[in-house]
Amino acid sequence: MKECTMKTWMTALSLIFCPITFLYLVIYPLIVPESQNVVWAGFVSMPIYFIVGAKKEDFHRFFYSMFAGFFWAHMFLRGGGWVLNLLGWNVSSSMTSNLWILVVCAPFLLAHLVWFANSTWLNVCPMMFGTVATSFATGGQRPFGLAIALTLGMLVALVSVQLTNAAVGKPTLGQAT
Amino acid sequence: MSVGKKTGLWLIPFGVAEMFLINLYFGIFVAALGLVVFIFAKK
Chain W
1 MKECTMKTWM TALSLIFCPI TFLYLVIYPL IVPESQNVVW AGFVSMPIYF
51 IVGAKKEDFH RFFYSMFAGF FWAHMFLRGG GWVLNLLGWN VSSSMTSNLW
101 ILVVCAPFLL AHLVWFANST WLNVCPMMFG TVATSFATGG QRPFGLAIAL
151 TLGMLVALVS VQLTNAAVGK PTLGQAT
Chain C
1 MSVGKKTGLW LIPFGVAEMF LINLYFGIFV AALGLVVFIF AKK
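Protein chains in written order, with my numbering: chain W, 1 to 177; chain C, 1 to 43.
None of these hints come from the bench; they were simulated from the model.
Just so you know, even glycine gets a beta-carbon here, dropped at the ideal spot from N, CA and C.
Please note that the accuracy of each hint is not assured.
As the list claims (entries may be wrong) - Below, simulated DSS-like cross-link-like pairs (lysine-lysine); rule was C-alpha separation at most 27 Å, straight line: (1) 43/C to 7/W; (2) 6/C to 55/W; (3) 5/C to 2/W; (4) 5/C to 56/W; (5) 42/C to 56/W; (6) 43/C to 56/W; (7) 5/C to 7/W.
Said to hold, decoys possible - Every beta carbon over 12 Å from chain C, so not counted as near; a handful from chain W, in silico: (8) 6; (9) 14; (10) 28; (11) 109; (12) 122; (13) 169.
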């Protein structure tokens, strides 16, 4: 594999990233109906995957973690309502939601950072939080559109990095750090 | 059991929970994905 400086690699990535993103923005509305359209969600998963180098050997872990993230997103979203309906509960709805998130965060992180961390691919908590954030933004609606946008966002990062590596090589180790 | 098979196995209960929490069809999709991963992942 040939090598290049970080500056050359970043320049090539910038030039390759733009048309790939353009393709994403064109293709997404063609495959997702208007009722599920959340094209912006791709720009949440994209940097999460970019920041760890968008390696192809990590893609499956990010992809499957996203689906576990939907479960936790809706646990966060709906749990506050369940607690509010408890008899005798006399705390404001916003504080109830905050308390619920405080309680649910512990099993969420323990499950995926400790219990499932080495035995399954469901161990990418940043991607799960990305799913939680986008689900919050849509009020828990449009799950199919979100899943497709998050997946395509990761694919944009993956394809951009792979094409850049193919075009100019990997950045040299001294420059990459 | 391999990491892939365990991932598939765990996606099934996540999918079943999502049937009730999110949307029946989305939950079925996730559970089916888990089943496919469980069946086709390397031993």
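*Taking the numbered hints from earlier one at a time, note which ones the structure violates and give those numbers from smallest to largest.*
Failing hints, ascending: 1, 3, 7 and 12.
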